[in-house]
Amino acid sequence: MSVLSVKNLIYGYSKGTPFEKGALKGVSVDFEKGEIVALIGHTGSGKSTLLQHLNGLLKPDSGDVLFEGESIHKSKQTLRNCRFNVGLCFQYPEQQLFDSTVYKDVAFGPANMGLPAEEIDKRVKDSVAYVGLSEDYLEKSPFDLSGGEKRRVAIAGVLSMEPKVLILDEPTAGLDPVGKNNLLKLIKDYNNKTGNTVIFVSHNMDDVALVADKVIVMNDGEIAMEGTVEEVYSQGEKLAGLGLDVPEITSVFIELKNAGFDLGKTEYTVDGAKESIIKFLSEGGLL
Amino acid sequence: MNKIIEFKNVSFSYSEEEEAVLQNLDLDFYEGQFTCVLGHNGSGKSTMAKLINALYIPTSGTVISYGLDTADEKNEIPIRRNIGMVFQNPDNQIVATIVEDDVAFGPENLGLPRDEIRKRVDEALKAVNMYEYRYHEPHRLSGGQKQRIAIAGVIAMKTNCIVLDEPTAMLDPKGRREVIETLLKLKNEYGISVILVTHFMDEAVKADRVVVMNDGKVCLDGTPAQVFSNASHLESMGLTVPKPLELAYQLQKNGVRINGEPLTAAEFVDGFKNYVENRG
Ligand SMILES: Nc1ncnc2c1ncn2[C@@H]1O[C@H](COP(=O)(O)OP(=O)(O)OP(=O)(O)O)[C@@H](O)[C@H]1O
Ligand SMILES: Nc1ncnc2c1ncn2[C@@H]1O[C@H](COP(=O)(O)OP(=O)(O)OP(=O)(O)O)[C@@H](O)[C@H]1O
Ligand SMILES: [Mg+2]
Ligand SMILES: [Mg+2]
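Chains as they are written, first to last, in this note's numbering: chain P, 1 to 287; chain L, 1 to 280.
Okay, chain P solo, but in the shape it has when bound:
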């Protein structure tokens, strides 16, 4: 059974006004336990709208969301259960941060879940350290921080709930490159250690190639492509038509091929590209 199942979701904003906008036009997708899923798509394609349906923040005009096989909108109880198990980190940290200190902000989720004080304390400290912030930040106001620091606090606030489905809306936006690489490691780690599902949105095709088991491409409120990194990224022209791109390293690879070097299958990561090039050179006696 899928941990989360989305059935034919339809959702429109500003209903009954001249700006009525179909943001989701019949989206169906299953998220399996233990998967890392990347959601990509052009600006305004409906990614954030879809994510906000997954923990019941938005209610669909029609269609349904099932958590562990049960509709999350069946009762107050099912919705509450979903909120504790499906943790969503918003696209802009300012949408999420609210309390007077970083400590209180990160403690909010676990406290709400009724965890004992000791456990809350441990989770707050662990998750703040996990996102690369020192203990000095705990007593600061989350509003008096830099953009990337706010992002880290917002992510810690969701991690501290240890959700069965961790959902991150553009978690690497605004992180410095080392912070970004660490966050990608964190996604892998969290998934490995807990066996929980992670769903994240990204505009960075290189990042997606590094961690995702499955890629979903949205276009104008619909799912346009779905598959492994390989399956999706091998369709470069289709991606370009959807406002997307192949990773930077892939364009290096493609230009090498265009220059007449027969490097075999296309690569999407620096490591993969390195291996292929070394193999090519050693087979040609060029090492």
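In short, the hints are calculated from the structure, not lab data.
Idealized CB from N, CA, C, for every residue including glycine.
Dumping the calculated DSS-like pairs for lysine-lysine here, alpha-carbon to alpha-carbon at most 27 angstroms:
id, chain 1, residue 1, chain 2, residue 2
1, L, K273, P, K257
2, P, K33, P, K193
3, L, K253, P, K185
4, P, K21, P, K7
5, L, K174, P, K257
6, P, K140, L, K50
7, L, K174, P, K214
8, L, K174, P, K265
9, L, K206, P, K257
10, P, K59, P, K76
11, L, K253, P, K257
12, P, K21, L, K174
13, P, K185, P, K125
14, P, K15, P, K74
15, P, K279, L, K273
16, L, K217, P, K140
17, L, K158, L, K185
Computed footprint of chain L on chain P; a stretch qualifies when at least three of its residues, placed anywhere within it, have a C-beta under 8 angstroms from a C-beta of chain L:
id, region
18, 87-98
19, 138-146
20, 177-183
21, 203-214
22, 241-247
23, 250-262
24, 276-282
Once you've looked at the hints, dock chain L with the ligands against the given chain P.
Relative to the frame of chain P, chain L with the ligands by itself:
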């Protein structure tokens, strides 16, 4: 080259109790240059940017923008006529309830004639692909769409200098490329000076000059090739090198030397051809 902005021994703290987040900063920006500012989270980039156009004034030291001291209140308006700014979070920038009014706000404040404003607003909205959203409410847009509107606002002003704080953080690959192309065009066609704060190394590669901030100080300053020549130093400051160069470094560890420290795909291919020719 003409200096347009001068930081002279500038320190800045957000409050008296807290340590200075910028420390004795000396930094100049020049007319007609495209400068990228890089640096780890919390290194002081946004703070520096806000000091440029008098949103903050130094705790000590002076900032001179277009010959005017930012600490003098009466200089605020003339400075902002010269320097347009895009903030890190577009929500902090929205001033109107209709997209096209929001974009027109800056040009209106410059006192431009009506039809010139109309022309610039339309052009700017088309440049960021948001023309069809011109009658929408800016608050009710997706994250990346808000960011595009904020960028259109500053493009429409065509100020002498444009400061953008991570303007492409939420954009899709095509949108990101278009914004950088638009900025390069503003520089090349109108001589507009661009100061771009970013975490994207492939954007920094396109700049005339790259400034790296670390813990409130400038610690590297030079052409992209100069700045990216020291990967381990950059990494110790939270940064990386562009992907083609990273690949070249990885290959070097395996005994394959691609000359010329390639910053782009095209440069990598040239270096690779060279390597193969020398071997073959
Ligand atoms: N609060 C809102 N009111 C009205 N329309 C909205 C609202 N939020 C989003 N929309 C519209 O719904 C569509 C989908 O928006 P959504 O935020 O889901 O896109 P997204 O894929 O997350 O985009 P981005 O990459 O820019 O964050 C867009 O066309 C947008 O203009
Ligand atoms: N409003 C504020 N009040 C107090 N301290 C602040 C405030 N804004 C930022 N700071 C602190 O000042 C330092 C510099 O912040 P700044 O926003 O300039 O960094 P930045 O380089 O722009 O980082 P980022 O890449 O995360 O946007 C950080 O340590 C931050 O915590
Ligand atoms: Mg979004
Ligand atoms: Mg900043």
